[in-house]
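J.: Here the protein sequences line up with chains A and B, keeping their order. Following the numbering used here, the numbering of the first sequence begins with 43 at its first residue and continues without gaps. Following the numbering used here, the numbering of the second sequence begins with 1226 at its first residue and continues without gaps.
Do not rely on the hints blindly, as some may be mistaken.
Residues from chain A that keep clear of chain B, each with C-beta distances beyond 12 Å, as calculated [what the hints assert, rightly or not]:
no.: 1; residue: 50
no.: 2; residue: 56
no.: 3; residue: 60
no.: 4; residue: 70
no.: 5; residue: 104
no.: 6; residue: 105
no.: 7; residue: 113
no.: 8; residue: 115
no.: 9; residue: 121
no.: 10; residue: 136
no.: 11; residue: 140
no.: 12; residue: 145
A short, non-exhaustive set of chain A residues, derived as facing chain B with CB atoms under 8 Å [said to hold, decoys possible]:
no.: 13; residue: 61
no.: 14; residue: 84
no.: 15; residue: 114
no.: 16; residue: 128
Between beta-carbon pairs, the in silico distance windows are [stated by the list, open to error]:
no.: 17; chain 1: B; residue 1: 1334; chain 2: A; residue 2: 141; range: 41 to 51 Å
no.: 18; chain 1: A; residue 1: 57; chain 2: B; residue 2: 1293; range: 44 to 54 Å
no.: 19; chain 1: A; residue 1: 45; chain 2: B; residue 2: 1296; range: 30 to 40 Å
no.: 20; chain 1: A; residue 1: 56; chain 2: B; residue 2: 1239; range: 12 to 22 Å
no.: 21; chain 1: B; residue 1: 1280; chain 2: A; residue 2: 58; range: 44 to 54 Å
no.: 22; chain 1: B; residue 1: 1251; chain 2: A; residue 2: 126; range: 26 to 36 Å
no.: 23; chain 1: B; residue 1: 1296; chain 2: A; residue 2: 94; range: 20 to 30 Å
no.: 24; chain 1: A; residue 1: 101; chain 2: B; residue 2: 1236; range: 28 to 38 Å
no.: 25; chain 1: B; residue 1: 1293; chain 2: A; residue 2: 96; range: 18 to 28 Å
no.: 26; chain 1: A; residue 1: 83; chain 2: B; residue 2: 1250; range: 17 to 27 Å
no.: 27; chain 1: A; residue 1: 93; chain 2: B; residue 2: 1233; range: 31 to 41 Å
Honestly, the hints are just simulated from the structure, not real lab data. In this text, a Cβ means the ideal position worked out from N, Cα and C, and glycines have one as well.
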Amino acid sequence: DTAVSQTPKYLVTQMGNDKSIKCEQNLGHDTMYWYKQDSKKFLKIMFSYNNKELIINETVPNRFSPKSPDKAHLNLHINSLELGDSAVYFCASSSRFYEQYFGPGTRLTVT
Amino acid sequence: GEDVEQSLFLSVREGDSSVINCTYTDSSSTYLYWYKQEPGAGLQLLTYIFSNMDMKQDQRLTVLLNKKDKHLSLRIADTQTGDSAIYFCAESGNTDKLIFGTGTRLQVFP
């Protein structure tokens, strides 16, 4: 059973397009996150949601909009994609903040 | 600001011990973590330590924390080829905002 799943695993798109990445967790956790890992493997938190409410927003451009339809899902929508958005995006969830479970990642390539 | 640093590479022979080091700057860090990332995969939480502890052991893993020097280490005993991965140190206060280090790529050779 997959605990935290993301779709798609790979996403290749052109500059200027709008795309979404979906995340689902079946762990019953209240909190979900999005992280960005760049080409140098540097990992940084973007957002966190607790029970569908935005808790952390780490100075991410407005082009990124997380959406949480329910506490098991946290989707990431990106408008007007730029080359610098190319990265691996990880979703995570937790019930206790010090135990975060990560999804397998979505590799986004913007050409 | 908060900063977490690690050396980029470590190469060890199978069966030896590996020690991965990490330094951090935030004196209000409450939790410190070690995550493992295998190629093409997400991050797996290996262990974490609360800041009032000096050491934590879990099977082959030993975490040492020197709070005075803001230094954290992860020792892997009897390192196996399956331990080859990138290991991330991370810290947080009493919130879920994790600050990650740059990652240490561990290569285990036979």
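J.: The structure should be examined with respect to each hint, and the outcome stated for every one.
T.: How the hints compare with the structure:
1. Every beta carbon of chain B lies more than 12 Å from that of residue 50 of chain A, the smallest distance being close to 14 Å; the non-interface claim holds.
2. With 12 Å as the threshold on Cβ separation, the claim that residue 56 of chain A sits away from chain B holds: the shortest Cβ distance comes to roughly 24 Å.
3. No beta-carbon of chain B comes within 12 Å of the beta-carbon of residue 60 of chain A; the shortest separation is about 25 Å.
4. With a least CB separation of 17 Å from chain B, residue 70 of chain A remains clear of the 12 Å interface cut-off, as annotated.
5. Residue-level check passed: residue 104 of chain A sits 20 Å from the nearest beta carbon of chain B, beyond 12 Å.
6. Remark: the non-interface label on residue 105 of chain A is consistent with the geometry, its nearest Cβ contact in chain B lying 22 Å away (cut-off 12 Å).
7. With 12 Å as the threshold on Cβ separation, the claim that residue 113 of chain A sits away from chain B holds: the shortest Cβ distance comes to roughly 15 Å.
8. Residue 115 of chain A, annotated as away from the interface, keeps every beta carbon of chain B farther than 12 Å; the closest lies near 17 Å.
9. With a closest Cβ-Cβ approach of about 25 Å to chain B, residue 121 of chain A is found to remain outside the 12 Å limit, as its non-interface label requires.
10. Not every C-beta of chain B lies more than 12 Å from that of residue 136 of chain A, the closest at about 6 Å, which undercuts listing it as non-interface.
11. Not every CB of chain B is more than 12 Å from the CB of residue 140 of chain A (nearest about 5 Å), against its label as outside the interface.
12. Listed as outside the interface, residue 145 of chain A is inconsistent with that label: its C-beta sits roughly 5 Å from the nearest C-beta of chain B, within the 12 Å cut-off.
13. For residue 61 of chain A, the interface hint is violated, the least distance from its beta-carbon to any beta-carbon of chain B being 20 Å, above 8 Å.
14. With 8 Å as the threshold, the beta carbon of residue 84 of chain A comes within range of chain B, its nearest partner Cβ sitting at about 6 Å, so the hint holds.
15. Of the supplied interface hints, the one on residue 114 of chain A is violated, with its beta-carbon coming no nearer than about 17 Å to a beta-carbon of chain B, more than 8 Å.
16. Using the Cβ-Cβ criterion of 8 Å, the hint placing residue 128 of chain A at the interface with chain B is not satisfied: the shortest such distance is roughly 16 Å.
17. Range check, residue 1334 of chain B to residue 141 of chain A: Cβ separation about 32 Å, and the 41 to 51 Å hint is violated.
18. A beta carbon spacing of about 49 Å between residue 57 of chain A and residue 1293 of chain B agrees with the range 44 to 54 Å that was offered as a hint.
19. Distance hint check for residue 45 of chain A and residue 1296 of chain B: the Cβ-Cβ separation is about 32 Å, which falls inside the suggested range of 30 to 40 Å.
20. Against the hinted window of 12 to 22 Å, the Cβ-Cβ separation of residue 56 of chain A and residue 1239 of chain B comes to about 45 Å, which falls outside the hint.
21. A C-beta distance of roughly 52 Å is found between residue 1280 of chain B and residue 58 of chain A, which places it inside the suggested range of 44 to 54 Å.
22. Taking the beta carbon of each, residue 1251 of chain B and residue 126 of chain A are about 27 Å apart, inside 26 to 36 Å as hinted.
23. A C-beta distance of roughly 39 Å is found between residue 1296 of chain B and residue 94 of chain A, which places it outside the suggested range of 20 to 30 Å.
24. Residue 101 of chain A and residue 1236 of chain B have their C-beta atoms about 37 Å apart, which keeps the hinted 28 to 38 Å range intact.
25. Checked against the hint of 18 to 28 Å, the pair residue 1293 of chain B and residue 96 of chain A fails, with Cβ atoms roughly 37 Å apart.
26. The hint said 17 to 27 Å for the Cβ distance between residue 83 of chain A and residue 1250 of chain B, and at roughly 20 Å that hint holds.
27. In this structure the supplied range 31 to 41 Å holds for residue 93 of chain A paired with residue 1233 of chain B, their Cβ-Cβ distance being about 38 Å.
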